[in-house]
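There are 4 protein chains.
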Amino acid sequence: MAAEIFYWQRRVQFYETDLMGIVHHSNYIRFFEEARVAWAQSHGILDYQKPETASHLAVLETRCRHLKPCFFGDDLKVQVQVKMEGVRIFFQYRIENTTQQNFVAVGMSSHAPLNKELKPIRPGREWKSILENEQWTETWL
Amino acid sequence: MAAEIFYWQRRVQFYETDLMGIVHHSNYIRFFEEARVAWAQSHGILDYQKPETASHLAVLETRCRHLKPCFFGDDLKVQVQVKMEGVRIFFQYRIENTTQQNFVAVGMSSHAPLNKELKPIRPGREWKSILENEQWTETWL
Amino acid sequence: MAAEIFYWQRRVQFYETDLMGIVHHSNYIRFFEEARVAWAQSHGILDYQKPETASHLAVLETRCRHLKPCFFGDDLKVQVQVKMEGVRIFFQYRIENTTQQNFVAVGMSSHAPLNKELKPIRPGREWKSILENEQWTETWL
Amino acid sequence: MAAEIFYWQRRVQFYETDLMGIVHHSNYIRFFEEARVAWAQSHGILDYQKPETASHLAVLETRCRHLKPCFFGDDLKVQVQVKMEGVRIFFQYRIENTTQQNFVAVGMSSHAPLNKELKPIRPGREWKSILENEQWTETWL
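One line per chain: the protein sequences are A, B, C and D, in this order. Okay, so the first sequence: first residue is 1 according to the numbering used here, each after it adds one. Okay, so the second sequence: first residue is 142 according to the numbering used here, each after it adds one. Okay, so the third sequence: first residue is 283 according to the numbering used here, each after it adds one. Okay, so the fourth sequence: first residue is 424 according to the numbering used here, each after it adds one.
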């Protein structure tokens, strides 16, 4: 069975640019979060009606490698892949600029699930069954 | 002939919240800009391929009145109206939270068109013909 | 007795600029907040060790009038004045650019004190005694 | 001769927190930039009067590892180290929370110098002479 390919799409806003005329590099970490949240919501892990579910995944590390600049009004398509290693959840991201027709960045983030008291815990069974159907190709970064 | 009603829609992101658990108030000014840009692009005033067209409308003033908080994951619908008075362009905005089913904010911004040297100029003929078809109901603010 | 003049000083950061090469207008609302927080902390109303004290002042309205652009690396000096009218607290702000030696913006915000359940309440006695010593000159906006 | 230890200090702002009550992770990339800019300005590489000098260092990669959360009002001290390898400039950062008395994050960024046409070039002689006096201890990340 073919694995699902998950994308998040959005347009670059004026306030996301800097004086070089390009998207400020800190915003890529926010684009990654947007894509991660959309993935988690589409897989039933995150429930907007229960904001604490969004708090249940601490950010341990982020990385971003910039390949090309992107510009005001450009349409971006963020591809997401997810895997589990031990007690850690890993996301990787690849951002395609469909306006300029190139790849602008690749990145990753690692995470620890938290319980209601915000203490790190082992990923629950819901993660295991979801990640069985996820594909992790070569590491993009 | 019925006037067009222009809306911009978007979802509240995690990074837009603050420690009160609600959208930080400074982000509403960014939501207004998103809606203004989308209006200008849909009316042919702003061309993403010519970023200088986005720079041709200086911000003179912004106002925002907050009616209700809004939350992570809420879906927002920003209604936009535009008028010209003398050499100024006025936008007004009304943000509806379609998730919570209430109005969260009303606001306005005033602007001066700029020429290529970023000097204020009278709004060109393209503004007049576009604004003839726009409706400005009672002032929301 | 001369009233105290309260200032908040800070330098414009690279990530606060936009593709016009100037500070993005939404950031002024953040500069106002920085100055308001510094004022509240210096007057004993806000205690960083009790973050809920920062949540006890809801933002009802913000306004900003832009006089001049400001630029990466410019040093800003935000003057703050505060008054109470009925159950509302009003702040006004005037931002001087000490690098360019001009005034870049004036603005205001209005607020309602909240109790621990985040319900609006009348400003407590601490506000009255503090505001007795505050000066509100002509409205800058 | 003892090498200089460079620090950048700043306080966490309210608008930098998120609904978990802590600083949003994307802001650390901005704290790194603040420290990098302050270092470059103090070493004569960046001149605020010539904003193009700020554009002459493209961001190729960023990484951040989070050790502890930090909170509204906390005072942060960002230590910076810089080295050159081939045609790349590397910065590493370590953020100490002097309020909570712990280290909150370590990170790095790599950069390529650009010429006036924004094409990558070899680091000029000014970099070599400056970096001779810089210390790079073990890699923090």
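Check each hint, because a few of them may be wrong.
No more than 25 Å apart at the CA atoms, straight line, and that leaves these computed lysine-lysine pairs for DSS-like [claimed, not checked]:
hint : chain 1 : residue 1 : chain 2 : residue 2
1    : C       : Lys365    : C       : Lys398
2    : D       : Lys539    : A       : Lys68
3    : D       : Lys473    : D       : Lys506
4    : D       : Lys539    : D       : Lys473
5    : D       : Lys539    : C       : Lys332
6    : D       : Lys473    : C       : Lys350
No wet-lab data here; the hints were simulated from the structure.
Hints, one by one, checked against the model:
no., hint, verdict
1, C/Lys365 <-> C/Lys398, "23 Å, holds"
2, D/Lys539 <-> A/Lys68, "18 Å, holds"
3, D/Lys473 <-> D/Lys506, "24 Å, holds"
4, D/Lys539 <-> D/Lys473, "12 Å, holds"
5, D/Lys539 <-> C/Lys332, "49 Å, violated"
6, D/Lys473 <-> C/Lys350, "19 Å, holds"
Consistency note: the structure conflicts with earlier hint 5 alone.
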